[in-house]
Amino acid sequence: MQLWAHRGSGKGELENTLKGFEIALNSGFKAVEFDVMLTADGVPMIHHDWVMGRCARSVDPAMAATDPLTRFDSLRARDLRHYSVQGEPIPSLAQTIQFCLEHGMRANVELKATHPANAIALGRAVKVAVEELPADQQHHICENWVFSSFYHASLLPLKGYDLALLYEQLPDHWALHADALQASAIHLHWSGAEPTALRRIHTTGRLVRVYTVNDAEQAKTLQALGVKGLFTDRMTL
Numbered sequence: 470m471q472l473w474a475h476r477g478s479g480k481g482e483l484e485n486t487l488k489g490f491e492i493a494l495n496s497g498f499k500a501v502e503f504d505v506m507l508t509a510d511g512v513p514m515i516h517h518d519w520v521m522g523r524c525a526r527s528v529d530p531a532m533a534a535t536d537p538l539t540r541f542d543s544l545r546a547r548d549l550r551h552y553s554v555q556g557e558p559i560p561s562l563a564q565t566i567q568f569c570l571e572h573g574m575r576a577n578v579e580l581k582a583t584h585p586a587n588a589i590a591l592g593r594a595v596k597v598a599v600e601e602l603p604a605d606q607q608h609h610i611c612e613n614w615v616f617s618s619f620y621h622a623s624l625l626p627l628k629g630y631d632l633a634l635l636y637e638q639l640p641d642h643w644a645l646h647a648d649a650l651q652a653s654a655i656h657l658h659w660s661g662a663e664p665t666a667l668r669r670i671h672t673t674g675r676l677v678r679v680y681t682v683n684d685a686e687q688a689k690t691l692q693a694l695g696v697k698g699l700f701t702d703r704m705t706l
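Residues 470 to 706 (this note's numbering) make up the sequence shown, in order.
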């Protein structure tokens, strides 16, 4: 069973930063999960929340009070220079891809559309970022990386890559969606990873990975049920 470092070094701990990914690497992780969103000018950047303030805050303390009122997708890529995550810059998808490739890390790229209108645009931007790479690096990503999303339209431009559908609880028509996108895996919240749901997925030959698991005993139980991957905030799980 593979462990994936959730947002790098975990939620709230330099999450979705190159420094956070370095912490995960130095903690022995071979795989990392991160979130990608589009800026107002269409640049894929690594960030989780739809609004500023929790993950990334204004560098200028006088502006910090307005952070919760500022949507990520209202900012241009150059505007993000005025924000930091505990002193670390918000990285671009291109920078993060290079970090992972240089350090031999597998990646789960979670596409986070901010509204239905930009879901497909986000998928296209991620695809472009990958296809701008040299052929050998593209091949490595195609063979080793996973692209996942709650917003399944975001994955349409990425058909042909290794795709996973994200759910909190397994819905009735999940298999239709998975078949349509040729998804190889389902990613479930731990609360939805009960034996019946896992059996339903496994009977279709798909892998199951579970988020976000921070308890060692829970991890052992899920492994015994055939779960193939866990996303965790704990660097010592």
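Hints are supplied without guarantee of correctness; some may be wrong.
As the list claims (entries may be wrong) - Straight line, CA to CA, 27 Å or less: simulated BS3-like cross-link-like pairs of lysine-lysine:
no., residue 1, residue 2
1, Lys697, Lys596
2, Lys581, Lys697
3, Lys596, Lys499
4, Lys596, Lys581
5, Lys697, Lys628
6, Lys499, Lys697
7, Lys628, Lys689
Claimed, not checked - Okay, the calculated beta carbon distance ranges per label pair:
no., residue 1, residue 2, range
8, Pro530, Lys480, 18 to 26 Å
9, Ala649, Ala590, 18 to 26 Å
10, Val528, Gly481, 13 to 21 Å
11, His642, Pro530, 27 to 35 Å
12, Asp605, Gln651, 22 to 30 Å
13, Glu637, Asp529, 13 to 21 Å
14, Leu694, Asp641, 53 to 61 Å
15, Gly522, Leu645, 35 to 43 Å
Hint data in this document are derived by calculation from the structure and do not stem from the laboratory. Small disclaimer: the values here were computed from a predicted structure and weren't measured. The C-beta atom is built at its ideal place from N, Cα and C for all residues, glycine as well.
Hints versus structure:
no. : hint                        : in the structure
1   : Lys697 x Lys596             : holds, 26 Å
2   : Lys581 x Lys697             : holds, 23 Å
3   : Lys596 x Lys499             : holds, 23 Å
4   : Lys596 x Lys581             : holds, 14 Å
5   : Lys697 x Lys628             : holds, 22 Å
6   : Lys499 x Lys697             : holds, 15 Å
7   : Lys628 x Lys689             : violated, 32 Å
8   : Pro530 x Lys480: 18 to 26 Å : holds, 24 Å
9   : Ala649 x Ala590: 18 to 26 Å : holds, 20 Å
10  : Val528 x Gly481: 13 to 21 Å : holds, 19 Å
11  : His642 x Pro530: 27 to 35 Å : violated, 48 Å
12  : Asp605 x Gln651: 22 to 30 Å : holds, 24 Å
13  : Glu637 x Asp529: 13 to 21 Å : violated, 36 Å
14  : Leu694 x Asp641: 53 to 61 Å : violated, 21 Å
15  : Gly522 x Leu645: 35 to 43 Å : holds, 38 Å
Hint check: violations occur at hints 7, 11, 13 and 14; the rest are consistent with the structure.
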